[in-house]
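Model the full structure from these sequences, guided by the hints.
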Amino acid sequence: MNYIDQEAVSRQLPKRIAINKIIRGLFFGSTLFGLVVLAVLLYDVITDSWGWINWNFLTSVTSFDAANAGIIGAITGTLWLMIIVGPLTMILGVATAIYLEEYVKEGRVRTFFETNISNLAGVPSIVFGLLGLTVFVRMLGMGSVVLAGALTMSLLVLPIVIVASQEALRAVPSYLREASFGMGATRWQTIKNVVLPAALPSILTGMILAMSRAIGETAPLIAIGIPALLIPLPSGLFDSFTVLPVQIYYWTIDAALNAELASLAAATIVVLLVVMFILNATAILIRNKFQKRF
Amino acid sequence: MSQVSVKQNAKVELQPQGEKAEAKKEIVYSTEKVNLWYGKTHALHDIELDQREQEVTAIIGPSGCGKSTYIKTLNRMVEMNPDVKVTGKIYYRGQNIYDRRFPVEELRTRVGMVFQKPNPFPKSVFDNVAYGPKIHGIRDKKLLEQIVEESLKGAAIWDEVKDRLQENAFGLSGGQQQRLCIARCLAVEPDVILMDEPTSALDPKSTLKVEELVQELKAKYSIMIVTHNMQQAARISDRTAFFLNGEVVEFDKTDTIFSNPNDSRTEDYITGRFG
Amino acid sequence: MSQVSVKQNAKVELQPQGEKAEAKKEIVYSTEKVNLWYGKTHALHDIELDQREQEVTAIIGPSGCGKSTYIKTLNRMVEMNPDVKVTGKIYYRGQNIYDRRFPVEELRTRVGMVFQKPNPFPKSVFDNVAYGPKIHGIRDKKLLEQIVEESLKGAAIWDEVKDRLQENAFGLSGGQQQRLCIARCLAVEPDVILMDEPTSALDPKSTLKVEELVQELKAKYSIMIVTHNMQQAARISDRTAFFLNGEVVEFDKTDTIFSNPNDSRTEDYITGRFG
Amino acid sequence: ACGGNEEASGDNAANNAGGNNAEETNEAANNNEAANNSADEDISGSVSIDGSGTVYPLMSRIAEQYMVEENPNVSVEVSRAGTSAGMQRYVEGETDFANASRNVRDEEIEEMEANGIENMEFPVALDGMTIVLHPDNDWATEMTVEEVESIFISGAVSDDDTVMWSDINSDWPEEEINTYGPNENHGTYEFFIDELIDGQDLKDGTNLQQEYPTLVELVNDDENAIGFFGFGYYENNQDALGVVSIDFGEGNITPSLDTIDLEGDYAEYTRQVFTNLNVDAARENPAVMDYARYVFEVADELAPETGFAPLPEEQLQEQIEELEEIN
Amino acid sequence: MAQSTSVSALIKEKRQKSKRQKLENLVPAFLFAAASVSVLTTVGILLTLIVETAMFFSEVSFREFFTSTEMQPLNRNNPTFSILPLLSATLLSTVIAMFVAIPIGLTTAVYLSEYATESARRVLKPIVEVLAGIPTIVYGFFAFTFVTPVLREIIPILDRTNILSPGIVMGIMIIPMVASLSEDALSSVPNSMREGAMAFGATKFEATVRVVIPAAISGIIASFVLGISRAIGETMIVTIASGSNKNLTFDITQSMQTMTAYIVEVTSGDAGAGTTAYYSLYAVAITLFFFTLAMNMLAKYISKRFREAY
Ligand SMILES: Nc1ncnc2c1ncn2[C@@H]1O[C@H](COP(=O)(O)OP(=O)(O)OP(=O)(O)O)[C@@H](O)[C@H]1O
Ligand SMILES: Nc1ncnc2c1ncn2[C@@H]1O[C@H](COP(=O)(O)OP(=O)(O)OP(=O)(O)O)[C@@H](O)[C@H]1O
Ligand SMILES: [Mg+2]
Ligand SMILES: [Mg+2]
Ligand SMILES: O=P([O-])([O-])[O-]
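First to last, the sequence lines map onto chains V, X, P, G and F. Read in the numbering used here, the first sequence has 123 at position 123, and its numbers run on one by one without any break. Read in the numbering used here, the second sequence has 216 at position 216, and its numbers run on one by one without any break. Read in the numbering used here, the third sequence has 24 at position 24, and its numbers run on one by one without any break. Read in the numbering used here, the fourth sequence has 316 at position 316, and its numbers run on one by one without any break. Read in the numbering used here, the fifth sequence has 216 at position 216, and its numbers run on one by one without any break.
Hints are computed from structural coordinates only; laboratory data are not their basis. No residue lacks a Cβ here, since even glycine has one placed at the ideal position from N, Cα and C. Accuracy of the hints is not assured; some may be wrong.
Calculated lysine to any residue pairs in the SDA-like style (CA-CA distance at most 20 Å, straight line) [claimed, not checked]:
#: 1; chain 1: P; residue 1: Lys40; chain 2: F; residue 2: Ile154
#: 2; chain 1: P; residue 1: Lys134; chain 2: V; residue 2: Asp5
#: 3; chain 1: X; residue 1: Lys40; chain 2: X; residue 2: Gln54
Residues from chain V that face chain X, not an exhaustive set, calculated with beta carbons under 10 Å [stated by the list, open to error]:
#: 4; residue: Thr76
#: 5; residue: Lys105
#: 6; residue: Ala171
#: 7; residue: Tyr175
#: 8; residue: Ser180
#: 9; residue: Gly182
#: 10; residue: Met183
#: 11; residue: Gly184
#: 12; residue: Ala185
#: 13; residue: Thr186
#: 14; residue: Thr190
#: 15; residue: Val194
#: 16; residue: Pro197
Spelled out as structure tokens, the structure:
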């Protein structure tokens, strides 16, 4: 056989290598696009909010007078929301994940649950808002209170927590389970003593990410009807409330009424982003710390 | 160093005992016409095999022939795979373990298992060994300490870890981990120990240590060991079963298998014609 | 059946040629003091090894000793791992391939590689074989067909696949896939073929076919083969290198290695004391 | 039991009002009342308000001042879905107040009767419908009422509703006019249609928006824009908008806090803005009552700050007296 | 072992006394109950949407809703209900978003999976993923106060609210999703494929285009479909930046209202229950629900087929 002209191959080679280099550069640029957008976005909100973030802003209630307005109400509301959403989704999500990963394993039941969960994860958040409006606010008569918002938000992020917990459980190598079963441990003993401790860091990482999603969601809360003006801080599950993203929403659209409100919106965005950043950094820290354990 | 002396003790003790006891050795496990399917894959065909008390049975055969599957049927760990179907009977000390009412947790307490890859829990050395007794309800700290110490001694690793009982087991070397897993097994005082290629992930030195340990444990336990290393089988086992494509091609005294096999496929395998 | 005759042809042809040519066999690859690190893992230590034209060199050694790493340095595929550092020199036909200016793509057209697990592309049989020539600019359909046919014949698989050239290669059996991968290699007319445990995922029959094929290919190509099956090394290679912990313990004529090794570690390994 | 758990019941009232569980709210509110009869400054609870976006700036301003300066124990929630949308909630008994930039409609009264809701409608301030332009528009700053109408009424100038400035006045540029306004949710829309163009259709292609701020931005962006909304949104954006002085027959009048008056020069484009009070809520929930009183006490003072002309003080005083009669 | 008999005897004794079996049976029951919550959620969503949608269609015909072109739900004299204006806006914003997300997402995925060194990947990937974690309200603000004004410098006829700018920003938001799912697909192509290709002297680009991408194609397409689904369901960006014009048009410079933004408009401030306009909310929502559901199932189907390849 002598079909391949090595000379020709050598001659073409520089061109092929050059193409590869150019593509590499282009694709790298494309990867950096995200970074550029991020930088522009941060620049935009930081310049818009310059000088507005101070202690007063963080600790005052909202006001028409932009100079005196603050976000303590939204912060308190956000915290109240998290107090319910966190434990509730953690319990439900991890329990569901354990059920699917450790008990049903394979078969129709699991396929049914998993299909349901993955579809639920794809349902637009505004539709969850409608569910909350119809069931919690109206049917159960709660009104647009903390509990209604928290339950709506919990259902919204539950699929995320379930999927993250499932992945965490799946990442626990099966030889650890085998070792435990091999000792005569029952299923629940194995889960409690071996599987859950091993999966905990990843579960926590997933939880934090789910929480940061819940903190940033706006649409479902608007749908359940958060008032545009609300001053007293919520102090219980049945109080009206507002949260950071909703505050941003109202200030953004009210900016035409009073241009300074746009700066307040930007300032609130900065606060929200800082919170998200802290949460995500924590998640990454946990992930890195426990990454290579098996 | 203490290892070496232990080994010599073991040899001195065991060799004669092995020969003397030959006649009266009881059958611990007996397998009758076992067939196994993973979904539609027929992985075991009509397996018939016995395991005697205080003997080492080696299982050899090429990759995928069903060695691991077989020993996992013995403590029903194979059921951890979804969609497994087993037919036939396996008697452990006279009881059919595939009987519905047979309590599988109890079986697994009586039958220890050591895996191919050392699989300590991500816990301290102490907690690894204490795990079994704890889940079976032993809470007394003193007693646990005693059990841990004796088990680690039994697995010939006490001297190496006695000062690091509270350290994470992942910090041990591969060979130490494997012996720790054996100690973990011993802590619940099993009757039988199943080993699935326990040395295949180990370096030559650690392999040697584990082999010696197996020889020593034989005095008290019945051992079934899967290995892909034929020389290892020849060195440490009393009987050898040769598996091929899910069937037992030949099961006999180790000497016979290696010196004078009945079946030409056994010979081909042993002489390295395939696998 | 045709396979068997091929094999005999090969034997008849090659044995004498091998002996006659001994003296004038040129060195294709020579490795000088090669060291390699994966990050901080020092995987190869001062490797020195030659590959001669129209010879089969076997590389044996226990798992993790650096066999795969070594042959991947020969076509610089090892660089696909991140964080690899290589020092020392490897000459391919007189050129140092670790020279900055040496075009790695050209090296790889001259040096084919066959992997442990058959890795056909998820394309048709035809496209698999035509892939290499296409990349190198051959577009002429007639010519491609000719190349494909000859390569498949060269890999002794033509008869089995000639009627299913347009089917997806994943439909072939493991052994056929492996020979297809060899054919794919042949299609770019390499000078050297590197094989990393090419039969370890194959059944005994397919193994035999591939072994025969290697014997046959030796007439035209220089071959370096990694194997964990010592009998295989003994059967098909002219020279054997024994690796241990990233070092070449011994490199010599295959006969010498297996009948009269210099180093006691080689002997221990060959007689199955470890690994 | 009623007097005993004063704190708990107070909380309850705060929590429940605003939902549609009227019964529970009432009960809680009753407890509250019993507890608070002696000491008025202990009033607590919550007040919910929805409705007009036009009135929102004024009402939320009042609410803010009430909560900050007058009674921090009361939570006043103000939303702004628009007059019609807010009225729909109100007639279902979901809110205590419904702000409106028009009079309550007969259908709405019927529905209230059907739902057993007793309503009182109170004017709170005066608003001038303001016709706005792009700030650079220097030709159309003075128009007659008829000219305004011919711009907005469908079919007034051409059948396909493409109207050029030059169609209105030949001196003006030959460019198409783009019309803007609030959408059907809003009382402002209804007032404009019903009172200013006598119920005729609005020009096709009029850009109708839910949010006033959006409208301001849109007009600010379009050199050929003309739009309408309440004076407040113009006043707060004077540098972004131009305004049309209207000739009602006696010379051009520019809307301002001085001219907006039911009897004044801008009277034809002046309207009252209202709030509707659920009388039962006022009876049962002292917070609602207290807040209502407060609204009329400060309306005249805060109206100008948010772009409304104040009602005469006597009228507000009368309204307070009307309130007192509720109990 | 001195106490050897005692240990196994102890174990036996404890086993018999323990209430383990009871717990062992209770646990799955509790877990099942927890798992049912997600199913109940779906049932809840479906029931709410279907019941109220039925109310809507008892007042407005299917025909009007799906074929007429006018949407004026609150017009007092002659309310009209057509989903087409909302659909056209949703469609346009989605198409624009995918024009941004697909090319950038895919090339990013290829760079990360094929070209980037491990350390570069470790830095770049989280940065790309940060974009996915930014709340949509922030993107809305960004689109409205930054992207639109910038675009208007370039395209003067662009309205202050329009569908182009939120479309682009939505695309940016979706980049990480397309990138990371495509990257998963690419990196699950076994390395042996790449090695096979490169061992012939193919350049990285050749190996990627001819072997890796074709092998991962269904996973990549599934990522596009999921991106589309996400774009259809996205709410805040369009609510803030595209206005509320319900015109049936394909002019991307104009203000339009998507299905999601319509839902926000009607619910914000809490529309009164019981009116046709209120019920229309559910008719729009159920359309939205089925659209996204169909997309998610499609994506799942495609990627499942792809996984079977190996
Ligand atoms: N979970 C499973 N599902 C389906 N098939 C399986 C499963 N586990 C093993 N098999 C199949 O059963 C057969 C026996 O597998 P087994 O693991 O017992 O082999 P083995 O002899 O232990 O091989 P090795 O030496 O590689 O460990 C093989 O054909 C394997 O593919
Ligand atoms: N990508 C990698 N990163 C880090 N270390 C590696 C990597 N690949 C291999 N090694 C290490 O380099 C050493 C040699 O590995 P190599 O794969 O060459 O062994 P091998 O002889 O081919 O073994 P086997 O018979 O199991 O294939 C091993 O210790 C291995 O752990
Ligand atoms: Mg096995
Ligand atoms: Mg290797
Ligand atoms: O918001 P409106 O005042 O126009 O109803």
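Hints versus structure:
no.: 1; hint: Lys40/P / Ile154/F; verdict: violated, 53 Å
no.: 2; hint: Lys134/P / Asp5/V; verdict: holds, 12 Å
no.: 3; hint: Lys40/X / Gln54/X; verdict: violated, 36 Å
no.: 4; hint: Thr76; verdict: violated, 40 Å
no.: 5; hint: Lys105; verdict: holds, 5 Å
no.: 6; hint: Ala171; verdict: violated, 13 Å
no.: 7; hint: Tyr175; verdict: holds, 4 Å
no.: 8; hint: Ser180; verdict: holds, 7 Å
no.: 9; hint: Gly182; verdict: holds, 4 Å
no.: 10; hint: Met183; verdict: holds, 4 Å
no.: 11; hint: Gly184; verdict: holds, 3 Å
no.: 12; hint: Ala185; verdict: holds, 5 Å
no.: 13; hint: Thr186; verdict: holds, 6 Å
no.: 14; hint: Thr190; verdict: holds, 9 Å
no.: 15; hint: Val194; verdict: holds, 6 Å
no.: 16; hint: Pro197; verdict: holds, 8 Å
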